[in-house]
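Protein chains in written order, with numbering that gives the first Met the number 0: chain A, 0 to 234; chain B, 0 to 223.
You may find that some hints are simply not true.
What the hints assert, rightly or not - Footprint (simulated), chain A over chain B, 3 or more residues, beta carbon under 8 Å: (1) 0-7; (2) 15-22; (3) 70-84; (4) 89-96.
Bear in mind the hints are in silico, worked out from the structure with no lab data behind them. Note that CB positions come from ideal geometry on N, CA and C, so glycine has one too.
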Amino acid sequence: MIQVRGLVKRFGYTVVLRGVSFDVPAGQTVVLLGPNGAGKTTLLRILATLLKPSAGQVFVGGHDSIHHPEEVRHLLGYVSHQPLLYPDLSARENLRFYARLYGMENPDERIDEMLAVVGLSRRTDDLVRTFSRGMVQRLTIARALLHNPPVLLLDEPDTGLDPQAAAMLAHLLREVAGAGRTILLTTHNLARGVDFADRVVVLAGGRIVADEPAHTLTSSTLAELYADAVTQGGA
Amino acid sequence: MKVFVQAAWAIFWKDVRAEFRTKDIITGMLLFALLAVLIFNFAFELRVENVRQVLPGVLWVAIAFASILGLNRSFVLEQDRGSLEGILLAPVDRSALYFGKMMGNLVFMLAVEVVLLPVMVVLFNVNVFHPVVLLFVFLGTLGFAIVGTVFAAMAVNTRAREVMLPVLLLPVMVPVLIAAVKGAANVLDGASLSDVTNWLKLLVVFDVIFLAVAFMTFDYVVEE
């Protein structure tokens, strides 16, 4: 579903990604680990068509994301550090706005369904600025899934959440993963990496330094692998 | 085409609805415009015979700087809360974002003018509610919205974004300011429609050309 070939990204003289290549088959959940500055967010932003690579190729669902970004955007749901929601609109108004951007006809039924999935049915008409951080993040997941994309990109979705809200989000993401979606998730939480993923990829210094099936790893072996990989990567 | 119009309308409607609740943009624009007009009224002891020549200039100074405030805010708010990315992720041509934002900015500017013009009538004792004067005001405002929306999107990614927008925008807007001020002043001074047709043509041509340029270039403007 996702194919990345020789991806390079430079910002001026700073090289953030140095020839990253990997595939994510349809339905697989891949957790991308790495220290700050490893290039995780840049990689996800390129996959989301928000950045253009300096070199290399990216295909999502067979579409070239550089030359045909609109086709790729149909296939993607993206959750970034920021919620991408409007605090002065209600939860329903936010989702209706995004539904129109995605060209959805009569989206109200789907909006109700998504608000129920993320447990916000009772707050549909409340302004987002009255929501807690956890509720905002759940609404963000609803926004990303609204147009039912086959690929979900999640950039540290649990940042800033308390343990209870993070657990609720993890439960929600497990349900989403069970729906056969292809998921690429970045996190600093190694336990989540083992618990949630089919595969763990470690990025350090702009390179992939480890790529292992999750079932072969425990939290402690992953911690060792991560430490070794980050050292090798020169981070 | 339907998806494009739907997306542009969604962006316009979202901006209007959010602004209706917060009044973040219009309040600042309106206060600035009213204060500017008030200061001009105190600063100039205008005689009856020259007030008609000066009034359009006063009006456009107030509109120009109030518009810059509003144009800046429209993208700064999106950038600061990160919501611009949400729109850029949508599978529509990015010029839909431009048209939605431009329509929103135009409506906010016109809303300010709806309050500003009657105040000017009271302060300067000149009736500006002449159809041709209003046409000049509309075409000039449209020009400001068309060009200002592009430059506001460019300026929002720069470090000195509040300074950058007027520095970029005002030189480009010189033809609009000259045409709108001269044309309206002539009409207030008793000129007929045929006397000011060339100024109107200039405004129409400016608006059409820059609308086409904005449509073709906006994708590159918002590209990171």
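Each hint tested on the structure:
With a cut-off of 8 Å between beta carbons, the stretch 0-7 of chain B has 4 residues touching chain A; three or more are needed, and the interface restraint holds. With a cut-off of 8 Å between beta carbons, the stretch 15-22 of chain B has 4 residues touching chain A; three or more are needed, and the interface restraint holds. Only residues whose C-beta sits within less than 8 Å of a C-beta in chain A count toward coverage, and the stretch 70-84 of chain B has 4 of them, enough to reach three; the restraint holds. Only residues whose beta carbon comes within less than 8 Å of a beta carbon in chain A count, and the stretch 89-96 of chain B has 4; three or more means the coverage holds.
In summary, the structure agrees with every hint in the numbered list given earlier.
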